[in-house]
Every structure is written in structure tokens, then in C-alpha cells.
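Asks: Each chain, letter by letter, is given below.
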Amino acid sequence: MSSGTVAPGTVVAKPPGRRLAALREGGWQALPFLAPALILVFFFLIVPVIWTVLLSVNKTRGLNFGTEWVGLDNYERLLTRDSRFLNRDEFPWSGALVNNIRWLIVYPILCLLLGLITAVLATRVRYEAAFKAIIFVPMAISATAVGVIWLLVYSPDPDIGVVNALVAGAGGEPVSWLGRADLANYAIILAYVWASTGFVMVVLSAALKGISQEVIEAARTDGATEWDIFRRIQFPLLSLPIAVVAVWMIINVIKVFDIVYIMTKGGPGGATRVIAYSYYVETFENGLGGYGASVAVVMLVLIIPVMIWQIRRFRSEAVVS
Amino acid sequence: MIRRYALAFGAVVLALSLAIAAAACGGSDDGGSEEGTGTVSVLSLWGGSEQEAFQKVLTQFTKETGIKTKYESARDFLPVVRSRLAAGNPPMVAIIPRPGIVADLANQGSLVSLEELGLDPEKINANYSDAWTNLTTVDGTVYGVVAKANSKSVIWYSPADKAVKTTQTWDELQSLTDDLATSSPIKPWSLGAKDSWTLTDWFENVYARTAGPDKYNQLFTGEIPFTDPTVKNALEMMSKMLNDKTVAGGIDGALGTGFVDGIGKVFSANPSAHMYMEGGFVGGITLADVNPNVKPGESIDFYPFVTIDEAQGQPLVGGGDITAAFVNNTDVAKLVEYLASPEAGTIWVSTGAIVSPNKGVTPDAYPNELVKKEAEQITSAETFVFDGSDLLPGALGEDWGTLLQTVLKDPSKVDSQLETFQQQAQDAFAG
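Keeping their order, the protein sequence lines are chains H and W.
According to the numbering used here, the first sequence is numbered sequentially starting from 8.
According to the numbering used here, the second sequence is numbered sequentially starting from 55.
In isolation and in its complexed conformation, chain H is listed as follows (with noise of 0.2 Å):
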């Protein structure tokens, strides 16, 4: 990274060779304040991982490590050989990993969508704080027991399940929502969506209440609807926080877990298995400590082009705000 490709006007950080220079003219002295934090970083963070990319090209049983070299066998069998987890034998391909991409691609939307409706919405009726406070209740709910709370709801017996009452009730056969492998992704998706669209709220109207009144009326003034007052002022000046928000989104996302775990277990027939799940049924259940951490390995993989975009990102606002 040269100082070169940062665009003009984001710079915020020192260039390297002045950063060097700052350490040599006396910046060391703010290494033993820095030196608990990155002691723990290197400990609990740096540490694992080093361990667990090695462990990722190790046979092992159990969690002990370093039985067996293998080097990428664990990486081939997973991308290539184990259909639980990328099964590419049929259109459209399925497994862990293609899960996982269906839940990146409805999760996000369906959140920001439904968030940023309820915001912008909430702004406008008297009852606000009741309106909000009853979106934003699930957000104080475990995903454990959003689990268990929905999985009743789509109980496939109609006298226990509320979804499958209603079904019944407009003279529909019952639908075993979490026991079609068709279906029982998006039942998932659409609880947890329901448990988090709360929180997209709360940080988006946060946001437009803070958008000044002024440039609002002054829009009215000239003449502009509604309509044109979100789509021209309020949405791009939120395209900030929906950004944060859709980052914080895509992580989770990636790391899903408690809810699968809950919900279905990764069935039925595993077609509901998400990539932590794998990584847990593989050293837990199975224990394959060596390649269960390969399955961790691709998870980082995943995650770490985000995590790049979010930090550049943090510098360039440093400025802009």
C-alpha cells in the first residue's frame, strides 16, 4: 500500500516512512501503553489463528494438533468431495457454502429494506416511540430463543403453530415450513430477520433525526414532494449508516450459527447447513479438529475482504464527518 493510490482528500494516516520517523524521534514511548492490548491481541487473536491455519493442514483426531501433515487434502476434500458443504454435481449447486450465499444475498436486503420502511415511516405518526419500541423488542431477544420462538411459530401442527393456523385457517393444507429443504432456508432467514430488523431501525432513524430540519424545509419550499425529499435528501445522506449496517450485517451473516443451530440442527437431509455449523459438526460432533479449522480457514477467507473494505473505509470517514 503507497501512499500514492489513496485517493485525494481521504488522507488521513502519516505515510509509512513518516510513521517510521515518528517512532524513531521518541513515538516508542507509547509502546508500553499499546503493549497490554496488543499482548492480548497477539494471545487471543493472532495466536488462534496461526494455530488454526496450521491445524487446517494437519489430519488430527480430536483437538489434538499436529498428528499428521497432509497439507491441502483437508482443503481439497472440503471444496471438492464433500457434498455437505459444496455439492456442484447438480444445478443449482448446493451445501454450506451456497447457504451461506443465500443467506448474504436475503438477509441484508430483507433487513435494510424493512428497517430503513420502518425509520423513515416511524418519523412520521405520533406514536413513534411505541412504534419503534415494539420493532425494536426482538432485538433484546437471544438468537437462542428467537430459535425456539420460532420454531413453534412454524410448528407444522396448525393447533401449535401460528403460521400453519393461518393456513389451515384459509383452508390450505399445513406446510412443514422447517422440514422442506426448499423452504426451511428462507423460514430461517425471515426469523432472523424478524430479530434483527430492530436494530437497522434504531441506527438508521438515529441517523435521519440527525439530518438537519432546515435542508428539509428548504426543499419544501422549493416545491419538493415527499417522495423527493427521501429520494434525493434523506437516502444519501444515510448511505453512510446504511453502509456500517449493511457491513455489520454481512459479518454476522458469515458467522451465522446459533439460530441454524436451534432451528433445524442443519437439516432436513443437511440442507440447511451454514459454514459455522460445518466447522462445528466437523470438530465437535466428528471430531476432526484438522478439518474442521479448514472449513474455519474459508470462513476467514470470507470475511477478511470485508473487514479490508471496513477499515478503509473508517479512514476515509475520518474526514468526511
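No wet-lab data here; the hints were simulated from the structure.
Only true hints are included.
Taking CB as the label site, the calculated pair distances span:
(1) H:86 with W:364: 46 to 56 Å
(2) H:58 with W:143: 18 to 28 Å
(3) W:470 with H:216: 52 to 62 Å
As the structure is a computational prediction, the values presented were derived from the model and not from experiment.
Every residue gets a Cβ at the ideal spot worked out from N, C-alpha and C, and that includes glycine.
Chain W: place on chain H using the hints.
Replies: Chain W only, in chain H's frame:
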């Protein structure tokens, strides 16, 4: 001046952090047979009524010896045990639900053998028949005792339900199923296939009766491949018995229904199916957790899984949980010895929750007809085969259940699924 303080401060912080890190990395000590600490931790997967029943045994143990016990329940038994082992904090005693895992753990050196505990394996094994002691023996060393036994070859029904009659053969059962599917307002079968082990039990019963006990044992120990035609044949028979027409809610509905909810479909106040095929423990769970109003012998009863091929007879598919020790001390030894005793077995069976394989437990210790009948079935079985998916090493047990879910939903996938599974099996059996 300031710089010197900063340096000293930094050094102190550095030393402290290193000390903390070092302490975090240490730990995990295992010595010989030490003096106990007065408390023994026990881990198993039982919750609810099953846990309460076991707790009675532990309470009696504490009364007799003064050693306290701490019971921990982990529904997800294996992951919990593995991560606690890795962290150097295993439970002192665990009741392991799968014998296949006992061998895994013993080979990894995680288990303490009876001999190391200072117990006499022969004296303890004298109370159990070979079928059971084989499960606890790994390369000639005895690593535990079978705590409880289950018959998994039973069909549950309600005698009060006039539409159902008991059957002797597969053909009779199939025609009863077909009749009910067309004539009855509710479906013939309930299936809790969300818990895939209910499907592996179905398969094992059909397979043991079609291919025979010898092939059964060969299949689940890796001597014959899963692509063997007998496997496909058994799966096809299963699909004929269990499909959208015969299962409550269809296969989709079954895949969304757990084991206990499956029981409810037959024995709740408002049933949606006539019959349920699962282990002897269904009775205890129904009475305690599903519907306390059912009466053993009147509105809940079972009969042995039907004969399919006369030549193969009626092999009993059974399951069992094994008590094994992870920590070696005198308290642990006392608990393991106690759990292997007829006294403990008698207290335990009197709760109606389990059947004991212990020869010292007499039939009159069982509190109701259902468990008494199950105990008889287990002790009188001519051929006994152990729950095959529980014998499979590592990942295979789970994966086999996942395969059955897939095949039941879409029988046309049977060949490709079996081929993939066989590849996995080869890797797993090779270790």
C-alpha cells in the same frame, strides 16, 4: 525522568500480561489414583424425566457413601465432551450414549479403565452377558459398564384404538398400513424424522431382518460396503412403508417433527396417527412428558417389530449407554462400582425410566407392565444386534441419519447418496 517511569511501567505491564498468558496456557493435570475431593461430576445427555430417574440413583449413592455428586446435562453430548477434554476439564464420569465413541475415546487415551480405577473388571462384568461387556471392552481392556439397555425393536400403538391390530409379519404390517392409509381419517404412522436417529433405527430393524444379523454386523463395522444391494433393498422397503401417503403430515411434515413430538402424534389427546416405531423408552417418556393420562396396557402398549424373512428370525436391535470414567480418583471408582451394582440398577428401574442389563436386577423391580415387557424382550432375545449407527465411528453415525432423511424424501437419490456415503465410510473406517 518521565521516560524512565514509562519504561518501568511498560516492563511491569509486559511481565503481568505474560504471566496471565502463561497461566492460561498451563493447566490440565492427571495423576494416578488419587484421593477424591468429595464430589464427583457426572455428565450425560438426559434431561426431564430421564434425568430425574438417574438423580434418584445418585442421591442414594450420596446417602451411602457421603460423596456428593454434581449432575450435568448436555443434550449435545459429544461436542461438550470433546471440547471439555480439549480444555483439560473433562467430567469425572460420563454416561456415553454411543459405544462407537467409547472406542474412539479409549484409543485417544481419554478414558480411565476399570483396572486403573482399582476395580476388578471380571467381578463387575460377571453381572452382564457378553453382548453387553463386548461394548465396553476395547482391545481387551474394560473401560466401563453398560448403564442401561433399550430395545429398539418395538411398535407402539393404543389397544383402545380399534382400527389397529398387532401384526406378526412385514406383509401383514404393510397391508394394515395400506388399509389404514385409505380407510382411516388419520395416517397409519407417525415419524419424528427431524431427529434422524429415529430413521436409523427403522433402517436397522428392516436390515437386520432382511440381510440377517451377520451382514448387519459386517455392514456397520465396515466389512461390506454401503453400496451392497441389501442396503438399497432395505431402503426401498422402508420407503414403501413410510411415504407421503402413510406418514402423518407427509414426509415433509415428518422431517419437521422431532422425536417427542412424533410420540405426541399418536398418544396425545388429539392423535393424528395410529402407530409409532421407536425404542422401549417411548413408554416412560409418554407417561412422564407427553400425556400422563394414558394407561399402560389400555391406551398405550407395544409389540415386537415384525418378522420379515423367516430365515433371519427376529433379531433384537438394542441400544445402551455406557458409564465411563475420565478422571482417576477414589470417589470416581466408588461411583462407577456403585452404578454397576444390582442395588443401583434396582433403584433405577423402579422409576420406570430404563431397563437394566444387570443380571442382578429382578423382574419384579419394574414398576409397570411396559418396562417389564421390554426387559423380558431384551433378556429373552435369541439374537441381539447393537444399534448400528451408534457403532459407526466418528462422523458416520450422524451422516447416515442425514442420508436417510434425504432418501426418504426423494427415493430416486438412493444410488448417488449411497455411493457418496461409502466414500466417506472408507475414510472413516481407515481412521
